[in-house]
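Protein chains in written order, with the numbering used here: chain A, 1 to 728; chain B, 1 to 331.
The reader is advised that the hints may include incorrect statements.
Reference listing, derived: stretches of chain A covered by chain B, where coverage requires no fewer than 3 residues with Cβ under 8 angstroms from a Cβ of chain B [said to hold, decoys possible]:
1) 275 to 287
2) 599 to 608
3) 646 to 652
Residues of chain B placed beyond 12 angstroms of chain A at every Cβ, according to the derived structure [claimed, not checked]:
4) 144
5) 148
6) 187
7) 203
8) 207
9) 221
10) 245
11) 291
Just so you know, these hints were derived from the structure itself, not from any lab. Backbone N, C-alpha and C define an ideal beta-carbon position, used for all residues, glycine too.
Spelled out from the first residue to the last, the chains are:
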Amino acid sequence: MTARPDAPLKVTGRATYALDNVVEGAAHGYLVLSTVARGELASMDVEAVRAAPGVLAVYTPFEPLPLHPVNSALLGRMWLPLQDKDVRYHGQPIGFVVAETFEQARDAAALADVAYHERPAATSFSDGLTSAVDAQPAASEAPPSLTVLADGVASIEDALEASDVTIDATYETAAQNHAAMEPHSALAVWSGGELTVYAGNQAPHLVASDLASAVDVPVDAVHVENPVVGGAFGGKATSMPALLASAAAVALDRPVKAALTREQVFTATANRPATRQRIALGARRDGGLVAVRHDSWSTTTREIGFVEPTSHGTSREWYTTENLAISQKAVPLDVPPATFMRAPGEAPGSFALESAVDELAEAIGMDPVALRLRNNSTAPPGEDLQWSSKHLDECFEIGAARFGWADRTPGGRRDGDWLVGMGTATAMFPGLRFPATVGVTLHDDGTADVATAGADPGTGLLGVLRIVGAESLDVPQDRVVPRLGDSRLPPGGLSGGSTATASAGSATMVAASTVIEQLVALASSEEGPLRGHDVGYAHGTVYALDAPERDPMTFGDVLRATGRSTLSATGTTAPGEETTKHSFGSWGAQFCEVRVHRLTREVRVSRLLGVFDAGRIINPRTARGQLAGGMIWGVSAALHEGIEFDDDGRMSRRDLADYLLPVNADIPDVDVQFVEHPDTLLSDLGARGLGEIGIVGVAAAVANAVHNATGIRVRRLPIRIEDLLEDG
Amino acid sequence: MRQFDITAPTTIDDAVDGRHTFLAGGTTLVDLMKLDVLTPPRVADINALPLRGIGADEGGHSDNGNAGHGLRIGALERMSDVAEHPDVPPAVRRALTLSASQQLRNMATIGGNLLQRTRCGYFRDTTMPCNKRTPGSGCSALGGNNRGHAVLGTSDHCVATHASDLAVALVALDAEVRLVGSDGARTTPLADFYRTPGDTPEIETGLRDGELTTDVVVPHPERAAHSTYVKVRDRQSYEFALCSVAASLDVRDGVVVDARIAAGGVGTIPWRLPGVEAALRGEPATESAFAAAAEVATHGATPLTHNGFKVPLLRRTLVRALLELAEGSTR
């Protein structure tokens with residue numbers, strides 16, 4: 001097991017996050033947000049703002065900061081703040097005040113007098129259902145609706161009707177904010193025609209490109225650094241502070257810092273949408289699925305934008321069924337925009353699907369684990385591409401034994417005043433790779449750098465680069481220095497889609513083998529210490545194959561002998577032919593035990609176990625941390641977290657006191673286990689993604705356990721005390 | 001946060017000049033100043049004042065009340081120190097331990113805790129109407145998100161709950177608060193100190209201009225010793241009560257002789273339940289008798305759009321607390 005290379009800095013408070021950078025002469029920006037949900041800005045009287053002490057500039061849609069169109073690689077056409085007078089949601093950035101100090105900027109911003117032509121806002125999900133429209137699920141080329149029918153079956157309704165047992169239920173999940181510990185923030189420095197931006201994000205090379213477009217300078221004149229990132233979870237593909245600070249730094253020709261306050265993070269970024277899902281399952285008496293119907297609604301903005309792909313992310317692929325029909329709709333509302341968040345689609349989708357499977361198990365009178373294994377898929381329904389390496393059955397078998405699943409009884413059990421229940425759920429996340437380039441540099445002191453632009457927002461990628469680099473160069477790990485968080489490094493290592501390990505890891509293998517070839521060639525070349533010999537490489541050393549009496553030389557020895565300080569190579573990998581031969585996914589079995597007080601009905605999660613099949617595990621320590629963190633987030637989604645809007649579109653819980661996240665007292669020991677079957681069909685590294693799968697299925701496992709304990713089926717997240725009071 | 005002047009008086013006489021807002025632990029005042037909810041021009045840091053000590057009451061600054069028969073707690077004692085003091089009755093200790101977080105309890109004082117402001121989100125957002133913050137501006141909670149709001153003691157002008165756990169325990173145990181102002185010292189039962197909102201929700205207590213809380217006295221140590229505090233909330237720590245109950249119970253031969261009960265999270269002030277106490281006296285200490293008496297607790301409750309569940313939850317929390325005391329165990 002390898003410790004996090006960045007852990008000592010973080011636990012001693014010495015890690016330099018974006019805002020910790022100090023640049024002489026930096027000015028400070030503060031955002032002004034809208035206080036109505038829909039309409040047009042009539043006027044913004046900022047005379048008092050301008051006159052306030054220390055104020056350097058005030059930007060509004062009436063006097064905008066110049067920003068140029070951005071077509072983001074990750075987000076497509078980006079909305080740019082302060083460029084138009086439309087108000088699309090409560091809490092939208094409408095102004096940016098720059099002053100000598102943060103306090104001056106904040107106090108001045110409070111003096112802005114804003115008038116709106118307000119229009120009625122649509123903010124209710126249930127009211128909006130009537131205006132739902134077909135919508136393309138996020139990150140997918142699939143059409144909104146998709147149907148797979150067995151020969152001779154006319155419709156999904158017919159298939160359901162012909163089933164021995166059916167269930168049909170509607171589930172709802174709450175909108176969520178990423179709520180990363182490090183709020184979105186940036187320091188932008190404009191000097192000599194070059195823009196340097198320190199900002200926590202998930203891919204500095206992509207953010208550099210976006211910022212270059214936004215401020216209209218060549219991309220190679222923009223340098224983005226994010227050596228440490230205080231959490232991202234999908235929410236740091238971009239940020240308002242980075243855009244505004246960059247543009248203001250250019251406009252004012254001085255460094256500008258900007259950060260969102262915690263309250264601003266909730267609206268001036270983007271959230272996970274609320275979802276509604278209707279699922280009908282039809283099965284034979286033996287549990288075999290005949291029909292799966294999964295219709296999904298996601299809240300969106302009026303421009304649609306991001307659509308949470310709940311049915312496409314789950315029912316499309318998870319179970320063998322003869323007939324399948326899924327659909328996706330958007331419900332346009334005047335609410336803050338949505339974006340990717342940990343397991344987009346799979347997380348809320350699995351709450352619905354895995355609750356429905358539990359309901360079906362009860363209706364059939366079958367054990368929920370047995371029902372899932374009965375319908376274990378070998379390929380997505382209607383597709384020929386078999387799963388490359390799927391061991392979900394092993395996950396459930398190990399998990400059931402370890403958890404004592406056999407002790408579960410249909411009505412739960414009682415322990416004093418506590419009702420105790422167990423629940424389970426399947427977890428799945430697709431096995432993906434993105435193109436990645438990694439550089440490996442050998443140094444004459446015998447150390448090696450493994451470098452890619454990317455980010456390690458707590459995921460453990462730094463350790464992965466160290467481990468895979470050391471293994472590929474066949475040297476001890478302490479001789480490998482992993483480097484991330486700099487747009488000038490080779491492009492790769494984006495933190496997103498659970499792809500970084502498989503992508504950057506396999507590119508590291510290519511880069512290492514290329515640099516070893518170069519080293520061997522150098523050693524045997526005319527200028528090399530082993531000229532004239534056949535040269536091999538093992539255990540981090542170069543040796544003469546035909547002269548075993550000669551001492552092996554480290555790569556440092558070879559470099560020094562040839563008067564070089566470094567030798568570098570890059571390696572690039574990308575998804576290829578393998579995607580035409582197999583389907584790829586990581587799988588898992590989640591188990592949960594809850595205790596519900598018989599009188600006051602608090603739900604306490606007393607045990608959590610996840611058994612995961614994610615290919616080869618590169619670093620068990622950080623893998624476990626990542627999965628346990630995801631499982632805890634699943635408890636949060638089940639019992640705590642949820643954005644709520646007032647009727648007028650104002651978000652009513654916007655700080656970490658009111659927006660509930662679990663605290664230590666809410667979380668028991670979390671047991672994470674792996675079944676390790678390297679998936680070398682996905683990449684030579686054998687690892688599949690495990691960044692996001694931890695959260696998947698947990699909320700359903702909690703809800704299923706609550707049902708087992710109390711007999712009450714809660715189909716809306718988060719589950720709260722009032723859902724469990726029969727007399728409430 | 002607005003600019004303000006700050007002084008640090010070393011005597012009570014200097015502190016109670018009526019011009020300053022008192023700063024003790026700062027966990028409420030600084031929080032609300034950062035939000036611009038409170039914008040005091042002059043702040044007095046009172047941490048140097050001699051308002052500490054936990055022990056047998058010696059009369060404090062007044063000569064009435066229960067001098068010599070109760071436990072005195074200085075207003076500047078920190079929540080964490082009081083929570084750990086062996087002479088402090090169980091209901092008070094548990095109410096404190098279940099409040100806020102350890103870090104906040106290390107800073108926050110007893111006096112400040114009793115005077116903390118509501119957690120109503122509309123009170124804390126200066127862009128929203130709130131009669132408590134800006135009298136006459138309206139109550140946003142009535143038509144807004146009111147899941148956390150009160151069902152007892154409300155008015156058309158305000159439905160915000162009182163946020164203190166400690167106050168609930170102290171009201172149940174008949175505690176008194178001692179005050180000193182430029183006109184001298186006085187003592188008042190804590191239950192009478194708090195004001196329901198009526199049409200003046202900006203007035204929350206009987207505190208007079210410049211007046212300072214100096215001590216809290218918990219009388220009847222023998223009765224308070226058999227007490228508990230049950231807090232029900234959405235997460236297990238660092239969260240305010242959806243509903244809480246503080247109670248002391250005297251059971252002899254299976255029959256309730258005496259009960260003292262107050263509820264939190266459901267009222268605009270710490271909510272004493274004399275009707276439930278009366279209904280319990282002479283009844284058997286059984287779950288069904290407790291449940292019957294608990295019905296009285298919610299007579300006259302006025303639930304809002306989102307908080308109707310607090311009505312049954314209060315009854316259930318009451319039963320749970322009473323069962324804990326009757327069975328002599330906490331669980």
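task: Measuring Cβ to Cβ, find out whether residue 144 of chain B lies farther than 12 angstroms from everything in chain A.
output: 5 angstroms, violated
query: For residue 187 of chain B, is the shortest beta carbon distance to chain A beyond 12 angstroms?
result: 34 angstroms, holds
message: Quick check: do three or more residues in the region 275 to 287 of chain A have a beta carbon closer than 8 angstroms to a beta carbon of chain B?
response: violated (count 0)
message: Does residue 148 of chain B clear chain A by more than 12 angstroms, comparing its Cβ with all Cβ atoms of that chain?
response: 9 angstroms, violated
- prompt: Holds or violated: is the Cβ of residue 245 of chain B farther than 12 angstroms from all Cβ atoms of chain A?
  reply: Violated, because the least Cβ-Cβ distance between residue 245 of chain B and chain A comes to about 10 angstroms, which does not exceed 12 angstroms.
message: Verify this for me: three or more residues of the region 599 to 608 of chain A with a beta carbon less than 8 angstroms from a beta carbon of chain B.
response: Result for this restraint: holds, n = 5.
- request: Over 12 angstroms to the closest beta carbon of chain A is the bar; see if residue 291 of chain B clears it.
  value: 10 angstroms, violated
- request: Quick one: see if chain B covers the region 646 to 652 of chain A, three-plus residues with Cβ-Cβ under 8 angstroms.
  value: Per the Cβ count (4), the hint holds.
query: Does the claim that residue 203 of chain B lies off the interface hold, with its Cβ farther than 12 angstroms from every Cβ of chain A?
result: Non-interface label on residue 203 of chain B holds, nearest chain A Cβ at 25 angstroms vs cutoff 12 angstroms.
- request: Would you check whether the claim that residue 221 of chain B is not at the interface survives, using Cβ distances to chain A and the 12 angstroms cut-off?
  value: Answer for residue 221 of chain B: holds, closest chain A Cβ roughly 29 angstroms.
query: Taking the closest pair, is the beta carbon of residue 207 of chain B still more than 12 angstroms from chain A?
result: Its Cβ never comes within 12 angstroms of chain A, the nearest being 25 angstroms, so this holds.
Hint compliance for this structure: hints 1, 4, 5, 10 and 11 are broken, all remaining hints hold.
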